[in-house]
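For the protein sequence lines, the chains are A and B, in the order given.
The first sequence begins at 1 in this note's numbering and counts up one residue at a time.
The second sequence begins at 1001 in this note's numbering and counts up one residue at a time.
In short, the hints are calculated from the structure, not lab data.
Ideal Cβ placement from N, Cα and C applies to all residues, glycine included.
Treat the hints with care, as some may be off.
To be verified - Derived Cβ-Cβ restraints for the label pairs, each shown as a range:
| no. | chain 1 | residue 1 | chain 2 | residue 2 | range |
| --- | --- | --- | --- | --- | --- |
| 1 | B | N1067 | A | E56 | 36 to 44 Å |
| 2 | A | A53 | B | M1029 | 36 to 44 Å |
| 3 | B | S1010 | A | I12 | 36 to 44 Å |
| 4 | A | Q80 | B | H1076 | 24 to 32 Å |
As the list claims (entries may be wrong) - For lysine to aspartate or glutamate, the following EDC-like pairs were computed, each having C-alpha atoms within a straight-line distance of at most 16 Å:
| no. | chain 1 | residue 1 | chain 2 | residue 2 |
| --- | --- | --- | --- | --- |
| 5 | B | K1071 | B | D1055 |
| 6 | B | K1071 | B | D1031 |
| 7 | A | K11 | B | D1055 |
| 8 | A | K11 | A | E83 |
| 9 | B | K1005 | A | D24 |
| 10 | A | K71 | A | D24 |
Stated by the list, open to error - Beyond 10 Å from chain A on every Cβ pair, some chain B residues (computed):
| no. | residue |
| --- | --- |
| 11 | L1011 |
| 12 | E1015 |
| 13 | I1018 |
| 14 | D1024 |
| 15 | E1042 |
| 16 | P1044 |
| 17 | I1053 |
| 18 | E1058 |
| 19 | D1059 |
| 20 | F1062 |
| 21 | T1063 |
| 22 | K1068 |
| 23 | H1076 |
| 24 | P1079 |
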Amino acid sequence: DTGVSQNPRHKITKRGQNVTFRCDPISEHNRLYWYRQTLGQGPEFLTYFQNEAQLEKSRLLSDRFSAERPKGSFSTLEIQRTEQGDSAMYLCASRTDRLETQYFGPGTRLLVL
Amino acid sequence: DQQVKQNSPSLSVQEGRISILNCDYTNSMFDYFLWYKKYPAEGPTFLISISSIKDKNEDGRFTVFLNKSAKHLSLHIVPSQPGDSAVYFCAATAWEDGNQFYFGTGTSLTVIP
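Full structure from sequences and hints, please.
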């Protein structure tokens, strides 16, 4: 499978717990993006990596959110002390330098109770 | 500040007819535009894109038109098929911006058999 994969697909957690999501981009895609999507909205940019470097972060990304891409391949997004407002679909996308088309993974749906 | 807008939340079309989905943007620096299709519980799937140096791009049943002076783009699907029923997002980016992609809020298309 050469597409973007994300794990887990679903996560239910209690408020205050920490959660971590993983994204495996398409091989050799050096650019990786995280988005958040809530009901009735389009994907909202959270952060962006070029290889292992995190180059941009949205103001939506509070201090409770952290993302890493340690070896320039897979990436993790951690949310600490989750809040009910964090409930959303978290999407990962990747692309190459040459093409501006992003390819999305299936997303991780988070529900914070 | 919504830089990409899809003002029609929903659209219903008879099978075999043309579907026209519209998108407006406000940032004149945007120079690359994409359409994505999204089924429930899945990530967006890339459909078609267009660079600002063109005013039309066609791929099978899908054609995207770009009117830069009006800051408007549209996606035409001809003929529409029931399998086209999904939420469609338009997205835009600016080469100089490099990394941020801005999405509209989506239009839910229903193709009636």
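Problem set entry | Hint check, failures only | The structure conflicts with hints 1, 2, 3, 4, 7, 9, 15 and 16, although it agrees with all the remaining ones.
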